[in-house]
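Student: Taking the hints as your guide, dock the two standalone chains into a single complex.
Heads up: the sequence lines are chains A and B, in that order. Take the first sequence: its position 129, counted from the start at 1, is 129 in our numbering, and no numbers get skipped. Take the second sequence: its position 48, counted from the start at 1, is 48 in our numbering, and no numbers get skipped.
Keep in mind the hints are simulated off the structure, nothing from the lab. Hints should not be assumed to be uniformly reliable.
List time: in silico DSSO-like cross-link candidates among lysine-lysine, alpha-carbon distance up to 30 Å [what the hints assert, rightly or not]:
1. LYS52(A) - LYS32(A)
2. LYS150(B) - LYS447(A)
3. LYS13(A) - LYS176(B)
To give a feel for the contact side, a few chain A residues facing chain B, derived at Cβ under 8 Å [as the list claims (entries may be wrong)]:
4. ILE20
5. VAL21
6. ALA25
7. GLY164
8. VAL166
9. GLY168
10. PRO195
11. PRO196
12. THR489
13. LEU551
14. MET553
15. GLY646
16. GLY653
17. SER654
18. PRO691
Which residues of chain A face chain B? A few of them, derived with a C-beta cut under 7 Å, are [as the list claims (entries may be wrong)]:
19. ALA17
20. ASP30
21. PRO75
22. LEU194
23. GLU197
24. GLY245
25. LYS278
26. ASN649
27. ASN676
28. MET679
Note that the Cβ used here is the ideal one computed from N, Cα and C, for glycine as well.
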Amino acid sequence: MGNDYRYIGKAIKRRDAEGIVTGAAQYLDDLKFQNLLHGKVMRSPYAHALIKSVDKSKALALPGVKAVLTWADIPDYRGGTPRNVRILDKKVRCVGDVVALVAATTEEIAEEAIALIDVEYEVLPAVFDIDSALAPGAPAVYDEFPDNILPGGTIIYGPNCLKGVVRGDVEKGFTEADVITEGTFGYENIPNALPPESVGAVAVWEEPDKVTIQGTSQAPYMDKVTLFHVFNRQIEVRSIGCQVGGGFGTKFTCWQVQSYAILLSRATGRPVKVMISKEEHMATFVLRVGSRIHARVGMKKDGTLTAVQGTWYVDTGYYSFTTQAQVAIGSGELMIMAQCPNWDLKNIVVVTNRNASGATRGFGGQELKCAFIPLLCLAMEKAGLDPFEVLKKNFVKPGGGYYWRDGNWFDFRGIDFSKAMDKGAETFGWKEKWKGWLKPVAVNGAKRRGIGVGVHGNADIGEDASEAYVQLGYNGTATIFLCVAEHGTGQKSNYIKMVAEVLQIPPDRISMTPADSLVTPFEFGPVGSRGTYAIGSAVINAAEDARRQILEMAARKLGTPPEDLDTADGVVFVKGHPEKHMKWRAMGNDRTILGYGRFDPDFTMCNCMMSFVEVEVDTDTGKVDLVRVVNATDVGQIIDPPGLEGQLNGCFGSAGIDSAIFEETILDHRTGHIVNANMIDYKWRTFAELPVIDNVVMETPFPSHRFHAVGVGEISTSPGPSAVLMAVSNAIGAWMHEYPMTPDRVLKALGWVEDAHLPLYEGRPGYPLAGRGSAGGGGDRVPAGGCPGNCEGGTK
Amino acid sequence: MATRKASKAGKRAADARPIDLTVNRQVYQLSRGSRPGEVEPFHTLSHTLRETLGLTGTKISCDEGACGCCTVIMDGKAVLSCKILTVECGGKTVTTIEGLKDPKTGEFDALQQAFIDYTAFQCGFCTPGMILTAKALLNENPHPREDEVKEALSGNFCRCVSHYHVLRAVMSVADKGR
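Just chain B, same shape as in the assembly (with noise of 0.2 Å):
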């Protein structure tokens, strides 16, 4: 287990400067320190996100960097926010599932839609990581193979079997336009 220091309540870091970080279109600075809201040198994304944002669709299974759940776009590449340091994160632009919807109509993004379409989730926990990985992989490659797409959701671990569901709704977006 890691083990993570506590900060005294209330220290302030020597460190003044905010980290600039961009979630789901919205500018936050944020303030290094242990009081509610700042970010502690130990915070990771995933930490900031859920607890510190309130954007509690980014899941923790893991938190080593193994299963994907913990998986958010920043700048275009899919990444694990369990394994990056907030502290790391200034002047990232990061979207997490709560970031995919159409801003102006509400509207669901396609893989969202295909993902209810064809049922590709049974618990659902693993499926805000699956979803922005395959965002992330039709964000480089809107039209990939199913080899590539299976290459691209290797690194997220699916329990209740969902894979196949999964991979019939990515298809079904990366096929369009074809």
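One chain only, chain A, in its complex shape (with noise of 0.2 Å):
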């Protein structure tokens, strides 16, 4: 797009890049408290147990122990969807669920007294993955909740929050259908998004009532409103953000970690702060929700779908934060994708004895959609279409609709996406390279590559308040008061380009407070792809607020309309006539100018992103590499190129693309311990293995704000694992209808192993994989059981 941006859409020094590169950004860790004091958790070595008895005496005898807190020493605080997770519990209910605090002078003294703490457990039965939770007799891992099925919907969502997807007459829909497939599928692999920088926070509490909080957290602000619930709305939190190593959605999950340091900060007097151990942040932190459908699909043969029918089963793990949440966008997405008149799509959110799912990048659509679309797969395999050109049709245009979170309907008003798809496939070679469904692209002895595509979007871009401030400074500067914390996407940067464009002064001369909530006003924090139109909104609206405040005090004082005023570089003029003019210095140094922005959610339009890829399968070893990803997507204005090469980049780290190839978290189902929490054994991707990558960026003007663009950063993860899926497929002949494909599932559907040669496998959830060894296809394919009521794979 041609224009005449002074900053929009130029690659601008990022705020915090001297600090970055000379390590003076200072995160969490890296600051200094006066006085302070180190908290550890204790944490359970079984997966289900009532606490009989706490014997703390040893521990407090230490020298250095401050504190130590049990259930016992605690008001009956509590979080969670629904409220009722409590910050200590007498019964602990997955592998390092809490048990006890300690507050010591040094982190080692704090982890001896852990050594010293005695705890008589009575360890219960538990259930670790969808299948034994729901089993009749099932052990209950909330006695409120005796099927361990979570209610639905989340209060921050309103009343009607978004459940599930029924519209229009789904047997009618079916009757309609020139072909029908159902079966269960799943995603289970509940990777880890794993930032490098785990999780903390540093508490001061302050009596009576009011703590001071300072972390690792991606929205700060939202902190302050979930920490006053948990302390039964009796406390007043100031929070602070630092510079974020990496949040990747995780990190607005964390409310249990600040909740014990306000407790040991509370009971000591002294500032504490806890900051959990990598193999915490593995085994305790949230991993993605694990996912599983039964689903019927009903589609034309021309790919249009008629029908939408089944149950999305999610496994939260031991508690919700925001797994309801992430069910309704997750719901609201798949009909973003699957443009469909008649749905009747269920849900049931089940706990389980292990560690927390929450939010992620994909927010549930990813998860949905990597157990949706391999049955889309069959589908468009028997009506014999080209999964690009399906997926494409589907997708949500103008004219179309869909639910939303809140359970309205949306007319969407964003704009066709079929361009950047169309380029995105012209990009990648798609219909040269496409040969049909279970076809490889070439074959070398016993290399195979395979293709692949996905897509997503979300209407998340307009989602949930934002407030913003714009002060402006009588020497030509300005002020930003905002609450975002600096979590990699260069946001904070992007804020200060989009007040330099209003304000037409140079980025360097605009300032920008903390991530206060004692400074700023309200934020919910840059999640999902809403920085971009949101966030963005809120501080071009503060800008423009006081923009208009100058020009109308240079109106008074040159005698000419507002209207008739432009302003630049510090000077107020008049249009066509620049030797008449008023310096902002004439507002004087005794005179504050500050503009109020507010954005209002807004659900009416989405981001998209398409993902190609291209893998080499070795069938000797099993072993699966991705060899070309192209991403496509339309942002309707690029405000930092290289911020957002980044992100689309991100494609295959935090739990994206890779979650399909290698990465997942083992359960051991006997114990309940996590086997794999460490960057050892947890594998990621190195610089050694890069795909060569392609973004098509294209730039479609937005309805949204003054630089009509919109934010695409959150869905770069969530398009790809289901196309490696079906690359995979593409590649053996057969399908690959589990996360992630390792070797030994690779080898599995090639026919050459068989499950009893493989131990780790016990650790997995898994389906029987019907059509094990028919490569080149023929046999029934879809993988049937697993799921409840004993449903059967089939095709019309």
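Tutor: Structure (structure tokens):
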């Protein structure tokens, strides 16, 4: 797009760049606090147990120990959705659940004290997956939810929170279908987004009811809100954000660690830091939700969807903070990618005895789609259709719509993403490479190449409220008051850029407050892809409000109507007569011009990303290599080219594409212990195995804010995993339906090994793969079983 | 989790030999003991750099030698400072991210400047380790091929996926004067 923006769309040095490359950027653990104590968490070795007794006398006697807290020491403070999760409870519900909190003068003493606490447990039977949790007579994770099913909906999305999708007449839809496929598919490898910085907080309690919390959160203002409720609406929280060492959505869920620090600070009267170790981060912090559907989809020969019916089973681990929200968003996101008149998609949120699942980039939609698209693939195969064409055809377009999280229907007023998809397909060479279902692109000895495609879109670009102030300085400067902690997207620098463009002053004339809830107005935080449109709009509105005020002031002084005035570089001037002007300095140094901006939620638009992948499978070893990725999107207007590219390249990190190839959290289903809670056994992509990646970015102006942009960063991980599943299936000529596609699973699909030879396999949820050994097609390839109700797979 | 048995507060070490350590051209004589500013037998170099010397630019992520975030340069080689005990560092010379700027002019090292110019970071937590790993490589091999850079950096975890930007930044320095 041609435009004459001075700063928007241009690469400008990130505000924190020098701090990052010199080590001066301060993350939580880099800060120094006077008189600081260190908090540590004693964690349960059992997946499910009652705490019968705790003897903390030896721990308290250790020199340097300042407090030891158990459930008996604190009021009934609770978080979660519903609010039933006690900060400290007399029952533990997963390995790693909190038993006691210790504050001491050093970390080592705190750890030693934990070893001195004697706890007597009564071990209870546990449930580790959807099947065992829903089985008749299963042990209840919570007494109040005897069937292990959490109530649907979340209060923050309102009384009609989307709990499923019901629309039209599915029976009629199925009668109109030319092909119907049905089956059970899952994405249950619960990968960890795994930001490099783990999770922590420092709390400073001030009697009688105030606390200042500083932490690793990616949404500091929302912590103020969350903690207020957790502590029975009896505390006043000041929340300060730091430089954040990656979040990927997970650092929206810091309330437990923050609560530990707050309780210990209150108990000791001193600042307390709780920083969990990497092992705790991987074994006790939030994972992706486990996702499984049993569903039926109807499609016409031309790829038109006629009906979607089924149940989405969501395994949230031992509690939910955002899972019902993820279910609402994920359901809406499925409607965005699968426009269909007839729906009956229910869902069930199941609790199990492992650490919690929660907000992670993709936020429900990635997890649902990774299970749904394999079902859709069977329909497309049966109808003999090219998946690129079907995905393009069914993605929401102007004239379409969807239900969104508050339960309301929204007519889509965004753009047609088909152009971006076509451009992506062209860049990838999709038309030339597509040979049909279960057909490789190329075979070279044992090496077989296959291609796949996936798509995702999210209407969260305009979710939730944001507020900002912009204050003008008399010397031609400005200050942005905004509660955003920089967590890697570079958005803080982008807000500076947006204000620079509105006020026409250089970015280096603009300052930004720290993310401090005492200083800034409300901000939901940069979660989802809301940073560009939602937060950006608040900042732009604040800058425009400030600009309006200084133009009105100048209008009085210059005797000119404000609409005839403009401003640049700290000078207000009459349009066409720059000699008639007033410097901002004329406002005086004893006056404040403060603009206020707010963004109210708008669910009428979504973003979109289509990912094309090519894999090479070694059929001797079963190893899958990601060879090439093309991501195609349309963002309306690029704000910052390198920042956008970084976000799109993020597609295979943070539990994205690689969750289809090698990333998984392996839970031992006998003990409930996670067996790969370290960065050696949990696999991640290295520099040595980088695929070729191309990002196709179109700029069709959106009716969003004055720069016509929307965010896309969050969704880059989401289209890829199911695309890889498709690509590997095509490469080897047999359906792969389990994530990740580790060598053992590939060899099993090829019929070269049996389950019995694979002891690790015990640890994973899975389904009997029908069609094993049916390379080249044929046979009943729909996986059957595994879902409650003993449903069978089949095709019409 | 590693269990580190804490010494009783204030106990003096039997071994009175100081640990002579040069960090960023400054010589430190660190005493053994458990008082603030002293080195205990279980202190890792990363701990000493961050907590004792206040050089928090060295980041700790996994703290078990898997992720490369804590990389520093010791006697010319990139090493994982979480896997080295400070008591083993007597006589060593260490460069951390804080020591990369030119001490006379205050200018950024060419790699630091390239990381800025190419926005070769997102959250930035892995960046000090990346820069120092690349720096050690370029010290040994001023003009590496891209595959050699990838190999050198293959122990550095980056979750945001800034790998491609990092490669551009490092290669821009590696290509100078080729």
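Student: Please go over all the hints and tell whether each is borne out by the structure.
Tutor: Hint check:
| no. | hint | result |
| --- | --- | --- |
| 1 | LYS52(A) - LYS32(A) | violated, 39 Å |
| 2 | LYS150(B) - LYS447(A) | holds, 24 Å |
| 3 | LYS13(A) - LYS176(B) | holds, 22 Å |
| 4 | ILE20 | holds, 4 Å |
| 5 | VAL21 | holds, 4 Å |
| 6 | ALA25 | holds, 6 Å |
| 7 | GLY164 | violated, 33 Å |
| 8 | VAL166 | violated, 38 Å |
| 9 | GLY168 | violated, 40 Å |
| 10 | PRO195 | holds, 6 Å |
| 11 | PRO196 | holds, 4 Å |
| 12 | THR489 | holds, 7 Å |
| 13 | LEU551 | violated, 35 Å |
| 14 | MET553 | violated, 38 Å |
| 15 | GLY646 | holds, 5 Å |
| 16 | GLY653 | holds, 4 Å |
| 17 | SER654 | holds, 5 Å |
| 18 | PRO691 | violated, 10 Å |
| 19 | ALA17 | holds, 5 Å |
| 20 | ASP30 | holds, 4 Å |
| 21 | PRO75 | violated, 30 Å |
| 22 | LEU194 | holds, 6 Å |
| 23 | GLU197 | holds, 5 Å |
| 24 | GLY245 | holds, 3 Å |
| 25 | LYS278 | holds, 5 Å |
| 26 | ASN649 | holds, 4 Å |
| 27 | ASN676 | violated, 12 Å |
| 28 | MET679 | holds, 4 Å |
Of the hints listed earlier, those the structure fails to meet are numbers 1, 7, 8, 9, 13, 14, 18, 21, 27, in rising order.
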